[in-house]
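Chains as they are written, first to last, in the numbering used here: chain A, 1 to 108; chain B, 1 to 516.
Source of the hints: derived by calculation from the structure; they are not laboratory data. Each hint should be verified, as a subset may be incorrect.
[Stated by the list, open to error] Here are the simulated lysine to any residue pairs, SDA-like style, with alpha carbons at most 20 Å apart:
#1 A/K46 to B/E447
#2 A/K46 to A/A92
#3 B/K111 to A/D91
#4 B/K365 to A/A92
#5 A/K46 to B/Q135
[Unchecked claim] Residues from chain B that face chain A, not an exhaustive set, calculated with beta carbons under 10 Å:
#6 A27
#7 G29
#8 D31
#9 L34
#10 S96
#11 G130
#12 S258
#13 E262
#14 P266
#15 V353
#16 G381
#17 G387
#18 W393
Since this is a predicted model, take the numbers as computed values, not measurements. C-beta: ideal position from N, C-alpha, C; glycine also.
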Amino acid sequence: MVSNGNRISTRALPGVLLAALLAVPAMSASAEGTAEISRGQQYYEKICAKCHEAGIGPVLLGRGLPEVIFTTIPRSGLRAMPAFRVSDIDDATLQSLAKYLANSKPKP
Amino acid sequence: MASKYLALPKGVSEARFDAAIKKFTAALGKDNVLTSGEHLQPYTKVMMAVETEKHIPSAIVMATTVEQVQAVVKICNEYKIPVWTISTGRNFGYGSAAPVERGQIVLDLRKMNKIIHIDPELCTALVEPGVTYQQLYDYIEDNKLPLMLSFSAPSAIAGPVGNTMDRGVGYTPYGEHFLMQCGMEVVLANGDVYRTGMGGVKGDKAWQVFKWGYGPTLDGMFTQSNYGICTKMGFWLMPKPPVFKPFEIKFDNEADISEIVEMLRPLRIAQIIPNAVVIAGTLWEAATCNTRRSDYITTPGHTPDHIVKQIQKDKHLGAWNVYAALYGSPEQVEVNWKIVTETIRKAGKGRIVTQEEAGDTQPFKYRAQLMSGVPNLQEFGLYNWRGGGGSMWFAPVSQARGSECDKQVKLAKTILNKHGLDYVGEFIVGWRDMHHVIDVLFDRSSEEETKRANACFAELLDEFEKEGYAVYRVNTAFQERVANSYGPVKRKLEKTIKRALDPNGILAPGKSGIRI
Ligand SMILES: Cc1cc2nc3c(=O)[nH]c(=O)nc-3n(C[C@H](O)[C@H](O)[C@H](O)COP(=O)(O)OP(=O)(O)OC[C@H]3O[C@@H](n4cnc5c(N)ncnc54)[C@H](O)[C@@H]3O)c2cc1C
Chain A
1 MVSNGNRIST
11 RALPGVLLAA
21 LLAVPAMSAS
31 AEGTAEISRG
41 QQYYEKICAK
51 CHEAGIGPVL
61 LGRGLPEVIF
71 TTIPRSGLRA
81 MPAFRVSDID
91 DATLQSLAKY
101 LANSKPKP
Chain B
1 MASKYLALPK
11 GVSEARFDAA
21 IKKFTAALGK
31 DNVLTSGEHL
41 QPYTKVMMAV
51 ETEKHIPSAI
61 VMATTVEQVQ
71 AVVKICNEYK
81 IPVWTISTGR
91 NFGYGSAAPV
101 ERGQIVLDLR
111 KMNKIIHIDP
121 ELCTALVEPG
131 VTYQQLYDYI
141 EDNKLPLMLS
151 FSAPSAIAGP
161 VGNTMDRGVG
171 YTPYGEHFLM
181 QCGMEVVLAN
191 GDVYRTGMGG
201 VKGDKAWQVF
211 KWGYGPTLDG
221 MFTQSNYGIC
231 TKMGFWLMPK
241 PPVFKPFEIK
251 FDNEADISEI
261 VEMLRPLRIA
271 QIIPNAVVIA
281 GTLWEAATCN
291 TRRSDYITTP
301 GHTPDHIVKQ
311 IQKDKHLGAW
321 NVYAALYGSP
331 EQVEVNWKIV
341 TETIRKAGKG
351 RIVTQEEAGD
361 TQPFKYRAQL
371 MSGVPNLQEF
381 GLYNWRGGGG
391 SMWFAPVSQA
401 RGSECDKQVK
411 LAKTILNKHG
421 LDYVGEFIVG
431 WRDMHHVIDV
441 LFDRSSEEET
451 KRANACFAEL
461 LDEFEKEGYA
471 VYRVNTAFQE
481 RVANSYGPVK
491 RKLEKTIKRA
501 LDPNGILAPG
511 KSGIRI
């Protein structure tokens, strides 16, 4: 049996994006958030924040990181970060979460 | 020739697998049958010290009804496709969502997630496999039910069915989860839907309150096994006590461990302390209050004792840190608190920390949350200690006796250090037993360290076995090995049952080393 070209690796993520994620938070560059709470934001607050706002995973809010980071890394997981399956978070919610995070402001 | 699948089940041709996939798709709909690399990727993320390739599934099928699970089993029999079932699929350090063997399909029941009922008077629940602890917690909060959950540390994303099927543990008085399970619905390999306990009685209402039913009680045989697919599980919930009083006792010296167990066991057995007593070592404590190894040392290998001592001092930790709690009416808690504090006072060592003293600091905060059923993910801090995402739990069981502890800690630490890894461990005093839970942490991005971790784990199993110890559960890379620790007669019996119930060997072959 031979695996096809569709191989699995967190290394598939562009190095520059990875570097951006792991870097120190940017201070500005966030767009205005929407007033209503999106599904993605709800998911972030309920699940992601339990690590990413607890000093365990890197801070994600207000980093000005591109949406693609938030749609790819959750699916592959990264080091100790678990992978999130489509049964955990569907594509639409993940997209909404990505949009929320990409446009978020840093926490005061 | 390149296959369009990432992997194929053992002995199944691509054409045959194509035909099976077609049938799965007809039964479940195309969105519920996944074969692309992109969709399979999250199912391949493991933390074990083996190659990812060894645990890659061939496809994912998702069912939301019992009938669909039956349909999956039927197709698997027809095409001889091995199927690995997950409920919430968060079995971190034990295999995550990946199958025990490359090429098995994964039946993901995460979307089968109804809370069928919660009875606030009888304090029972009946749920489907995809229900998470967070979902239950939200339900209980939203409906203001006077109930308390017990769960494993990855509470926000894990769930009661998967955790209980693997005989996992929690931290409240209901923390031995399989003990609190009551009634199970199982799809067997022949497609029958079997209900344990009172579940087979027409018109019965006692399924979630009386475990044993009539005749043989079979619930246990479906856990940590591959004899059926659980589609519903009942369990008991603890009434929320009027008073919850968590506390910590810090002990300064490593040598105190024996005395701690001797001192606390009588309180635990008599239910004065009604929950599992956790006795966490320095590095476990340090990691869960966001201490990283690289803050102290950057050379590879194990962390020298003097640095561990320095961390203990800097972070105001004990060499051993005991966590337990009291539950009940104010009067009950007051009496039991007197007994606990008196016991510590008489021992002349150990510093008690109360919630009032600890405030919002970690790791006290997450321990208190675990002991009172509030979901969090703070224990993932363990993975920042060394970094690199490698983890395998080594959890030998023993009697709850002080004399066991010293011996086990020394043995484990010697082996871990020999392989350049650290002792990051805790004892969980269940009732009369102890699980000595050691997180074998390693940098999985380093091939060399991964190899070392694998050798280390194998040696831990071997050396502990020589001393009469075996683990209560293990990751999917070592299930065959651990099955041998429990002796040939057990293995023979398990095979006999397997052949009788699942003659094609389609259900999770290799789980706990069981196959036809
Ligand atoms: C930091 C950290 C702390 C942890 N602490 C704890 C802890 O305190 N206690 C603990 O127990 N574990 C702990 N774990 C291990 C693990 O993450 C939990 O046990 C978790 O609850 C298991 O995942 P799950 O609940 O999603 O079950 P799943 O992954 O869904 O299931 C576990 C296994 O049970 C079997 N199974 C699942 N569903 C079915 C079914 N429907 N029918 C038949 N068989 C089935 C499968 O073999 C599956 O692999 C910890 C892990 C981490 C990373």
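Here's how the hints hold up against the structure:
no., hint, verdict
1, A/K46 to B/E447, "violated, 35 Å"
2, A/K46 to A/A92, "holds, 17 Å"
3, B/K111 to A/D91, "holds, 14 Å"
4, B/K365 to A/A92, "violated, 34 Å"
5, A/K46 to B/Q135, "holds, 10 Å"
6, A27, "violated, 17 Å"
7, G29, "violated, 13 Å"
8, D31, "holds, 9 Å"
9, L34, "holds, 7 Å"
10, S96, "holds, 7 Å"
11, G130, "holds, 7 Å"
12, S258, "violated, 33 Å"
13, E262, "violated, 35 Å"
14, P266, "violated, 36 Å"
15, V353, "violated, 20 Å"
16, G381, "holds, 5 Å"
17, G387, "holds, 7 Å"
18, W393, "violated, 14 Å"
Violated hints, in rising order: 1, 4, 6, 7, 12, 13, 14, 15 and 18; the structure is consistent with all others.
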